[in-house]
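Top to bottom, those sequences are chains A and B. Under the numbering used here, the first residue of the first sequence is numbered 1, with each subsequent residue one higher. Under the numbering used here, the first residue of the second sequence is numbered 1, with each subsequent residue one higher.
For the record, the hints were derived by calculation from the structure and aren't laboratory data. Hints may contain errors.
Unchecked claim - Pairs of lysine to aspartate or glutamate, EDC-like flavour, derived with a Cα cap of 20 Å:
1) A:LYS333 / B:ASP337
2) B:LYS333 / A:ASP337
3) A:LYS213 / A:GLU185
4) B:LYS433 / A:GLU185
Claimed, not checked - Sample of chain B residues lacking proximity to chain A, with all beta carbon distances greater than 10 Å (derived):
5) ALA3
6) GLU40
7) GLY171
8) ASN221
9) ARG360
Here a beta-carbon is modelled for each residue, glycine too, at the ideal position from N, C-alpha and C.
2 protein chains.
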Amino acid sequence: MSARILIVDDIEANRKLLAAKLEAQYHTVLLAENGPQALEIAKAKDPEIILLDVMMPGMDGYEVCRRLKADPVTNHIPVVMVTALSDTEDRVRGLDAGAEDFLTKPIDDFVLNSRVNALIRYNTVTSELRQREASGIRAGAMESVDPEEVDRPARVFVIDDNPRTSARIAGILRDAGHKVMTLLEAGDMGELATERTDVLLLSLLSKSFDPLKLCAHFKSNDVTRAVSILLVCDPLERARAVKGMEIGASDMIMAPIDRQELLARIRTQTRRTRYVEILRERVDRGLELSVIDQLTGLYNRRYMNNQLQQLMHRAVMGGKPLSVMMLDIDHFKPINDTHGHQAGDEVLQELADRLRQNIRPMDVACRPGGEEFLVILPETPGELAMAAAERVRRAIAAEPFLVMSDTKSIKVTVSAGVSSLLGPHDTIADMMKRADTALYQAKSGGRNRVESIAA
Amino acid sequence: MSARILIVDDIEANRKLLAAKLEAQYHTVLLAENGPQALEIAKAKDPEIILLDVMMPGMDGYEVCRRLKADPVTNHIPVVMVTALSDTEDRVRGLDAGAEDFLTKPIDDFVLNSRVNALIRYNTVTSELRQREASGIRAGAMESVDPEEVDRPARVFVIDDNPRTSARIAGILRDAGHKVMTLLEAGDMGELATERTDVLLLSLLSKSFDPLKLCAHFKSNDVTRAVSILLVCDPLERARAVKGMEIGASDMIMAPIDRQELLARIRTQTRRTRYVEILRERVDRGLELSVIDQLTGLYNRRYMNNQLQQLMHRAVMGGKPLSVMMLDIDHFKPINDTHGHQAGDEVLQELADRLRQNIRPMDVACRPGGEEFLVILPETPGELAMAAAERVRRAIAAEPFLVMSDTKSIKVTVSAGVSSLLGPHDTIADMMKRADTALYQAKSGGRNRVESIAA
Numbered sequence: 001m002s003a004r005i006l007i008v009d010d011i012e013a014n015r016k017l018l019a020a021k022l023e024a025q026y027h028t029v030l031l032a033e034n035g036p037q038a039l040e041i042a043k044a045k046d047p048e049i050i051l052l053d054v055m056m057p058g059m060d061g062y063e064v065c066r067r068l069k070a071d072p073v074t075n076h077i078p079v080v081m082v083t084a085l086s087d088t089e090d091r092v093r094g095l096d097a098g099a100e101d102f103l104t105k106p107i108d109d110f111v112l113n114s115r116v117n118a119l120i121r122y123n124t125v126t127s128e129l130r131q132r133e134a135s136g137i138r139a140g141a142m143e144s145v146d147p148e149e150v151d152r153p154a155r156v157f158v159i160d161d162n163p164r165t166s167a168r169i170a171g172i173l174r175d176a177g178h179k180v181m182t183l184l185e186a187g188d189m190g191e192l193a194t195e196r197t198d199v200l201l202l203s204l205l206s207k208s209f210d211p212l213k214l215c216a217h218f219k220s221n222d223v224t225r226a227v228s229i230l231l232v233c234d235p236l237e238r239a240r241a242v243k244g245m246e247i248g249a250s251d252m253i254m255a256p257i258d259r260q261e262l263l264a265r266i267r268t269q270t271r272r273t274r275y276v277e278i279l280r281e282r283v284d285r286g287l288e289l290s291v292i293d294q295l296t297g298l299y300n301r302r303y304m305n306n307q308l309q310q311l312m313h314r315a316v317m318g319g320k321p322l323s324v325m326m327l328d329i330d331h332f333k334p335i336n337d338t339h340g341h342q343a344g345d346e347v348l349q350e351l352a353d354r355l356r357q358n359i360r361p362m363d364v365a366c367r368p369g370g371e372e373f374l375v376i377l378p379e380t381p382g383e384l385a386m387a388a389a390e391r392v393r394r395a396i397a398a399e400p401f402l403v404m405s406d407t408k409s410i411k412v413t414v415s416a417g418v419s420s421l422l423g424p425h426d427t428i429a430d431m432m433k434r435a436d437t438a439l440y441q442a443k444s445g446g447r448n449r450v451e452s453i454a455a
Numbered sequence: 001m002s003a004r005i006l007i008v009d010d011i012e013a014n015r016k017l018l019a020a021k022l023e024a025q026y027h028t029v030l031l032a033e034n035g036p037q038a039l040e041i042a043k044a045k046d047p048e049i050i051l052l053d054v055m056m057p058g059m060d061g062y063e064v065c066r067r068l069k070a071d072p073v074t075n076h077i078p079v080v081m082v083t084a085l086s087d088t089e090d091r092v093r094g095l096d097a098g099a100e101d102f103l104t105k106p107i108d109d110f111v112l113n114s115r116v117n118a119l120i121r122y123n124t125v126t127s128e129l130r131q132r133e134a135s136g137i138r139a140g141a142m143e144s145v146d147p148e149e150v151d152r153p154a155r156v157f158v159i160d161d162n163p164r165t166s167a168r169i170a171g172i173l174r175d176a177g178h179k180v181m182t183l184l185e186a187g188d189m190g191e192l193a194t195e196r197t198d199v200l201l202l203s204l205l206s207k208s209f210d211p212l213k214l215c216a217h218f219k220s221n222d223v224t225r226a227v228s229i230l231l232v233c234d235p236l237e238r239a240r241a242v243k244g245m246e247i248g249a250s251d252m253i254m255a256p257i258d259r260q261e262l263l264a265r266i267r268t269q270t271r272r273t274r275y276v277e278i279l280r281e282r283v284d285r286g287l288e289l290s291v292i293d294q295l296t297g298l299y300n301r302r303y304m305n306n307q308l309q310q311l312m313h314r315a316v317m318g319g320k321p322l323s324v325m326m327l328d329i330d331h332f333k334p335i336n337d338t339h340g341h342q343a344g345d346e347v348l349q350e351l352a353d354r355l356r357q358n359i360r361p362m363d364v365a366c367r368p369g370g371e372e373f374l375v376i377l378p379e380t381p382g383e384l385a386m387a388a389a390e391r392v393r394r395a396i397a398a399e400p401f402l403v404m405s406d407t408k409s410i411k412v413t414v415s416a417g418v419s420s421l422l423g424p425h426d427t428i429a430d431m432m433k434r435a436d437t438a439l440y441q442a443k444s445g446g447r448n449r450v451e452s453i454a455a
């Protein structure tokens, strides 16, 4: 897949060389000669990847990286540091500054392409989620992800058939506060699936199983696909690591493993996994909230109408009964007027709690609005619905409601109207109208009572 | 990226050959010997791609494909038909049955890999959206996408420097009801960006520009990335088409173009683009709905609290005023009791309409619940807020509300309380409390009036 890649280097020959390599793979290249220019272009053109030279006069690469990562407009763009020396300290400084990865000059074409492709793949997944997040934020339904939220101890699964290196890696990670599981052979991976795992550290030096096959297995399995794979590879067998990245691994580290580099790479991968997780949770939570009444946590009118349709359909198909109970708080207005809105809100909340405690898990409790509540009772004939409504009514009338930090005790009662589906030709509107009429009878009959209308 | 691929073929040697090719690329392979088995495995194992032999005893490939596409559990899985003959009729029958693509035996490794990779890429984008859709459906916040919705005339952009073939392609597409734009050279693509385009038909036979570069350009540009690219290629230059697919093209068709095949491929690509579009719209809409009050279309309490925070922050930062107006319908309960809930709901809706018509676009109108409304007035001092509330009050009291299909005319009034931010140390809670007190004064002062509390 083609990408828009920003190259930042103060030396023209370097820019040209790198641009030629990337253009040969049909990427679109943007160029910057120094740090400030890089920041400007990154903001204006939103490149998908930034290849950032470390050694530049004026603002150096680390500083550019830190600024990119500190700006909400650019902090999602993966940065690959390009270092002249294969010095571990350089690498770690870059990763510490927030870079996702680094490349060593002279740049190996295979390594360049596999790193770029892995980042493009990562972008494909996140960009969809980021777009949804942006929509959610625009709509006022979501807040943006705080970078702080993505830092946390990782859960790492180490698969290496060499007990010595495996133990060393586990030691390094545990000392840094991460949770580690080790596996010496490609045996039962059940645990990977059952508990949340951030990174799978897979040694390509393992001989007792085929690590690339294992990598493929994880990436072609729905449950384990989301786990980032970090490959440990022999510097002389770089081609295998490149193959592993093609298969779906996210990153690689050369053996023998440098402690700081390992920790930095684990942190980057964990952050990514966590970032995607948080985005998913937010979008899902946003969708859930669209059917929840915020004050009481019960379902809202939208969900109620939706569920009535579905449960009515199911009842008619299955020849099963369906009932509804409509509840209305007696004399609610005076509660608000006498004790204030805050007290009124707490009454609604307490009522929702009592309602929840006195219905079955299969029943759908909704607050379509105001002081009105509706419970949908699937597979429930009229008599049982009447009994259920009576139970709810009693639970509410039994004890006064304690509100405003228990400073006020308010006696609350409800009136209820019950109705049931009369057959395949009955409609939701008619059933609801009967419940409404029954509720009206309960009100005019003296309140704090349950009535039903059979037909 | 590794994928889980189901091979369906009645001949063992064929299954083995194809499995070996795919496993060499580290894909995970599932096998089925006949149609019924294929349907069962597709349901149980949810493969990412299905390679489906056409000629099988019993249920043939077309039938299997139709059933896969008719089942909501499996209809998202891309199906590639494998035909023994390069017969156009076979291809078209497969595409008509809903297949995404086809391969001709003997299978060319390059073509196989590029098709498989293009489908994996497509899956990566859609799977994220499908997961969010599934969450939304589970939460009751969304309905699933109806396959019917994705069929529609396409908007196709044809880029081919040969006027004769370009005109022929355009003719075929127009006759089938599609909208077509043709471009003989890689000139101004502005229109592609401004109007929604489903498919870009790009001829690799063009000599006056580099079609692969153009393909890369489209795929590395945010605005045009979502557009599917269908490459027209010379059968003798298949490697270029494979490169184009690597760059990001979705599909290829051999020149000279067969009419029916062209139409079938355009339809498949259009469906995909549309499917992704619909999923995005649904998720975004779901998120929007989480802040909207369903009955009136005003913002709900959740959004109100969120916006109060933000606007308060902005007001304090910018040293600008901020006011709120709290509205409550006078004697709403009797309206419900006398005219029924339906009439009451219509009153709330009409009131929301009048409210919307009498405030500025920058004002935020909310219905936190019941018969209460709140308008946030950014950059507005108290006197202006009072005047605005007075305008709203008059607009409501001026004409009775016509509800229940204009059969009932109800006189409605509101009482309003206005308050303003007092300075950087003021809080939202205090400002709201003052508005509440002012509202109470308006009520006790005789209703249908506006009051304010300065401090």
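Hints, verified against the model:
no.	hint	result
1	A:LYS333 / B:ASP337	13 Å, holds
2	B:LYS333 / A:ASP337	13 Å, holds
3	A:LYS213 / A:GLU185	13 Å, holds
4	B:LYS433 / A:GLU185	66 Å, violated
5	ALA3	5 Å, violated
6	GLU40	18 Å, holds
7	GLY171	31 Å, holds
8	ASN221	7 Å, violated
9	ARG360	18 Å, holds
When each numbered hint is compared with the structure, violations occur for hints 4, 5 and 8.
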